[in-house]
Amino acid sequence: MDWNFLSETFVSLIAAIPLTLSLAGLSILFGAALALALAMARLSGVAVLDWFARFYVFMFRGTPLLVQIFLIYYGLGQFPAIRHSILWPILRQPYWCAVLALTLNTAAYASEIIRGGLLSVPHGQVEAARACGMGRFMQFRRIILPLAIRQALPGYGNEMISMVKATSLASIITLMEVTGVAAKIISETYRAIEVFVVAGAIYLAINFVLTRLVQLLEYWLSPHLREPRPFLIPTTEGDAP
Amino acid sequence: MNQPRFFDILSFGPDGWAKALLAGAWMTILIAITGYAIGIVIGGFGSWAKVSGGSATRIAADTYTTVLRGIPDLLVIYLLYFGGSTAVTAIGRLFGAEGFVGFPGFLAGSLAVGITSGAQQTEVFRGAFKAVHRGEIEAAIACGMSRWLRFRRIVAPLTLRHALPGLGNVWQVVLKESALVSITGVAELLRQAQVGAGSTGLPFDFYLIAGLLYLAISTMSGVLMRQAERYFNRGVRRA
Chain A
1 MDWNFLSETF VSLIAAIPLT LSLAGLSILF GAALALALAM ARLSGVAVLD
51 WFARFYVFMF RGTPLLVQIF LIYYGLGQFP AIRHSILWPI LRQPYWCAVL
101 ALTLNTAAYA SEIIRGGLLS VPHGQVEAAR ACGMGRFMQF RRIILPLAIR
151 QALPGYGNEM ISMVKATSLA SIITLMEVTG VAAKIISETY RAIEVFVVAG
201 AIYLAINFVL TRLVQLLEYW LSPHLREPRP FLIPTTEGDA P
Chain B
1 MNQPRFFDIL SFGPDGWAKA LLAGAWMTIL IAITGYAIGI VIGGFGSWAK
51 VSGGSATRIA ADTYTTVLRG IPDLLVIYLL YFGGSTAVTA IGRLFGAEGF
101 VGFPGFLAGS LAVGITSGAQ QTEVFRGAFK AVHRGEIEAA IACGMSRWLR
151 FRRIVAPLTL RHALPGLGNV WQVVLKESAL VSITGVAELL RQAQVGAGST
201 GLPFDFYLIA GLLYLAISTM SGVLMRQAER YFNRGVRRA
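Protein chains in written order, with my numbering: chain A, 1 to 241; chain B, 1 to 239.
Hints were generated in silico from the structure; no laboratory data involved. Treat the hints with caution; some may be incorrect.
Unchecked claim - To give an idea of the interface, some chain A residues facing chain B are shown, with a C-beta separation under 8 Å as derived from the structure:
| hint | residue |
| --- | --- |
| 1 | Gly45 |
| 2 | Thr63 |
| 3 | Ile90 |
| 4 | Ser187 |
| 5 | Phe196 |
| 6 | Trp220 |
These figures come from a predicted structure and were not determined experimentally. For each residue, glycine too, the CB sits at the ideal point set by N, CA and C.
Let's have the full structure, built from the sequences with the hints guiding it.
Next up, the structure:
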C-alpha cells in the first residue's frame, strides 16, 4: 500500500466534495418543489394537468439521465432563440445545466413517491380536519402534507441517495466533482484501484450521513411511534429499585 | 451552412443516420442483456450467501451490496475500464508486448453493469426467497426431496415468481445505465448520437432521437415483462 499516494488522492478528492454536495443539494431542493407540484397535478382531477404530469414522468423515467444532461447542455445551444435569450448566461454553464438536468430527473421519480405519500393519508384524518372547520389550504398544510411526508420519507431517502450518486455524471460535462477529479487522477497515474477505493469511501461516507439524517427526520416526525420516555411512566412508591 | 433537417437524419439514405442509430440501439440492448445476465449470476450467488451462507460469506455479500449500492456506477466503469487496461498492459508486458493495451470497452461496460446490477439483484432474490411460503419447503422435505431437487422444483420457480416485478425494475435501471458505457467508446446508442451530433452540428435532434429510442426500448421491454409475469403467475388466484 502506497500511503503517500492514498493521502494525496484523498486531499484532492476532499476538495471536490463541496461541488458534489452543492449539485446534489440544489437539485434535491428544486426537485422536491417540482415533484410536489407534479404530484398535485396528478391528483388534481384536472385532465390536462394529470396527463401532463403522466407524460413528464414517463419521459424522464424512461430515458437515461446522461441523455437528458446532453440534451440540455449541448442540445439547447443549437437554437439561436435560446442563445440570444436572457437565460443563455445560465444555460451555457455546465454547472447550471447539470443542476437543471438533475432537478428535472429527480422530480419525475420523487413525484411518484410523494403521490404515494399523499394517497396514503387516511380519509378519517382529512374528514376530522374538515370537521374542525379547516380550510382547504390549512388542511393541506397542517394535516395532509405532514402525514404524506412521513409516509414518503423512506422512499424519498432512497431517491436522495441515488441523486448523490447521479451527480457523478456531471463530470462528463467537465465539472470536477468527486468522480471528475477521480477520473482525472486515474487517467494521469493509471492507478485505478487506489483512486476508486478513496472516491468510493467518500461517496459511502456521504450516503451514510444522509441515511442517518433521514432516520433522524423520521424519528422526529413520528412521535407517536416512540417509546415513552422512562420518567413519564407513572410509578408508585415502593416500585423504585 | 447547409444543415440537414430533422427528418433527413432519420432516413436510411446516404445522409441519413437511421442505420447507425439502430445499430447503436442494438449494441445498447446487447450490453444491457450481457450485463443483466452477469448481474443475475452474481445476484443468485449473493442472495444464497446472504440467506444460507456462513458468517464470513454473509459479511462479504453484505459488504458487496452496501458498497455497490452506495457508490456511483460511473466510478465502477472507470475502475474496470482503466484498471482493466492497466492489468491487460501488465500481462501483455509479461508476454513481451510493448506499450499500452486497451481493455475492450464492451467487456468493461457489461462487467460494470453486471457488477452494479448484481447488488440490486441480490436484494431482489433475497426478498423473493423470503416471500416463499415455509410450508411449501416443508412439504417438499416431507416428500423426501433432496436439497437439489427441492431447489430446482420448488424454491427456484417460486422465488422467480416473486422476484419478477423487482427484476423488471432492475432491467429498466440496467437499460438506462448502459448509456454510461458510451464513455468507453463502444458504439452504443448514446455514443452514435454523440458522433452524429458532432458531425452535423445538430446535438438537440440527435439526443432527442436517442432519448426516444431508449423510451421505445424500455416501453417494449415493459410489455414483455408484463407478459412474463402473467405467464409465471398462471394458476395463481387473484383476490
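Going down the list of hints, with the structure as the test:
Interface hint status for Gly45 of chain A: violated, as the beta-carbon distance to the closest one in chain B is roughly 27 Å, over 8 Å. Checking Thr63 of chain A against chain B: minimum C-beta separation of about 4 Å stays under 8 Å; hint holds. A cut of 8 Å between beta carbons decides the hint on Ile90 of chain A: the least distance to chain B is about 17 Å, and the hint is violated. At about 7 Å, the closest approach between the beta carbon of Ser187 of chain A and any beta carbon in chain B falls short of 8 Å, and the interface hint on this residue holds.
Taking 8 Å as the C-beta contact cut-off toward chain B, the hint placing Phe196 of chain A at the interface holds, the least distance being around 4 Å. A hinted interface residue such as Trp220 of chain A counts as satisfied when its beta carbon comes closer than 8 Å to some beta carbon of chain B; here the least separation is about 24 Å, so the hint is violated.
Violation of the numbered hints given earlier is confined to hints 1, 3, 6; the remaining hints are satisfied by the structure.
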